[in-house]
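Chemist: Work the whole structure out from these sequences, hints included.
The listed protein sequences derive, respectively, from chains A and B.
First residue of the first sequence: 3, per the working numbering; consecutive thereafter.
First residue of the second sequence: 375, per the working numbering; consecutive thereafter.
Be a bit skeptical, because a hint or two may be false.
What the hints assert, rightly or not - Cross-link-like lysine-lysine pairs, in silico, BS3-like; alpha carbons within 30 Å at most:
1. B:Lys500 with B:Lys426
2. B:Lys467 with A:Lys70
3. A:Lys165 with B:Lys398
4. B:Lys467 with A:Lys8
5. B:Lys403 with A:Lys165
To be clear, the hints were calculated from the coordinates, so they are not data collected in a lab.
Keep in mind that this is a model prediction, so the values were computed, not measured.
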Amino acid sequence: MEKTIKINLGGVLFQIDEEAYRMLRDYLQSIDHKFRNMPGGNETIEDIESRIAEIFQSQKDLTGIITKENVEMMISIIGTPEEFDQYEEQDSGHEYSHREKRMYRNPDDSIIGGVCGGIGAYLNTDPVWFRLLFIVFALFGLGFLVYLALWIALPLAVTDSQKRELYGDNFKKSRDHVPGESARYPYSTNVGNAFNEVFRAIGKVLFVIVRIILIIIGVIFVLAGFTSLFSFIIIFVFNYPGAFSIDTGDFNLAYLPDFLNYIVTPSMVPLMTVLIVLVVAIPLLAMIYGGIRLIFWFRASDGYVWLVGLIVWVLCIAALAIISFNEGISYAERGETTSLEYIGPAPDTLYIRAGDKISDLNADKEIALTDNYYRIYIDDKKNLVYIRPRLDIYPADNNSTSIEIERESSGTSRLDAENNARRLVYDFRISDNTVFLDEYFMIPRDSKWSFDVVSIDMYIPEGTIISMDRIAERMYHSHYYHGYATDSEDRFWEMTEDGLEYLDYDID
Amino acid sequence: MQTRKAVQKMFNLKTIIMDLENIKAQMRKGILEYCILSVLSRNSCYASDIIKELKEARVIVVEGTLYPLLTRQKNAGLLSYRWEESQQGPPRKYYELTPEGQKYLADLDKSWEEIVESVSLIRTRKKPKTSKA
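Modeler: Next comes the structure, spelled out in structure tokens:
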């Protein structure tokens, strides 16, 4: 069933089918074009419109839908603007012969886009020759592009006056063919006719192929748009990070919305969330809408909507950029504080054990940044951020064991960064020959994350045997170079001149 | 003086050269306007009634011709209109002659009679004898 369109004509609502609608619209445009610039023209146009409505009302059959036949009947009663002209002051022949000729695409003689038909009408030649020319050039790949360019560049001759400009002095000649059919083939020879029929068939096939391709593209757009939008809504609006998170080991985008709370000034979070939603959602909606338009191929005067959408989108991006820049300033400088503690003379065997463990934290989220080493744990209920510190073990210069805690952070200035570094909470304990290192350091509540790093540097005399439990080993920065432990037993290392060396035998 | 005469001459020439189509159009247009006023002189009408009558008299072929003329006559103060509700559809414009229009029509009637008289006088006159006494 064909689509119907609701229109308001002279204050009356009508349902009209698509073909009739196009015809009526062209007719109204030609009326408008004729009277618009005359004194009292608008009133005349209104009068004619209400008369059209009246004719339609008297003709409406039971279905109530205006068809092409109704429109044709109406035009035959009211007449075309050219027919009005026979009583007008300026004789149409005089007026229009002086009109400049202009090139248009010709809707009355078109196969694909009416380009050749337009050239033919403009040059008063059978368009079949231009069609042949384009086909020949298409073999070299050029004709296709030229045709496409002309298709886009040339406007379609919709109104009668545009057609006049297209045909020039031959306009009347083209009109003589009007009865019944539209002004088709005004210049076609018999040979040309046969060719034109062939081209017309080819054109139809081409058009169908193009439409199918466009529909496929449209479907892809709509599907992609919907899935992206759906995922986005799930992640952002329903805050369900697990849904689409793929742990690549790199930055995990799915946590971003939650993580936002910890990296920007808290008051900025709602605004930034709205901006991010708009920046992502607007193109997705545009994609879905564009896809739907490609599929159903309808005309809509939605230029303003696109424009407004684009402007809003650009403004959102600009606002986001400005906010991000301001936020970024707070990470501009880095600063660090260091504290050193001597444990005393080294025991034969030094045990490094985990103090407070991450597994006891009940963190809601875990984020890996840049590598697996730097991990962030977030406890949303307590609004706290925990990060795993980095442990390095070096040979000591003298015979004593020491631990150096280096806190590093960012800030607007070096001083600010140092202050930020100082606030990081990290604890360790020493008892006899055992060092208990907490597996995490903490960023105090209501303070944002600023690339905080805590490094634990242990200096141990050569010859000392070191035992690390699994958690300590995981903090040990260089443990990758020594492979992973395959069993649950603690492993042993020995401090040598070159650093820590893995002992693949048990001491005891 | 000389130039002015020349210009006038050229102007006359131009009007003469107007092709037949144009003369016909001018005549029809004048007659059509006259007919519209005549129809309205009997009673106030709505556009469709005027059209019906003009169509029957074969003065117009298509309705669209009428609307710009009605607008022009109204703007010239010859006509006025009032809105009237209609059983089916939107309210309609009922046109009627203004006093000015009535006076204008009376003038037209008079000149029409004169024209008809003159034209028929000329057209019915027998071909004059070739030789005159």
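Chemist: Hint numbers the structure violates, sorted upward?
Modeler: 1
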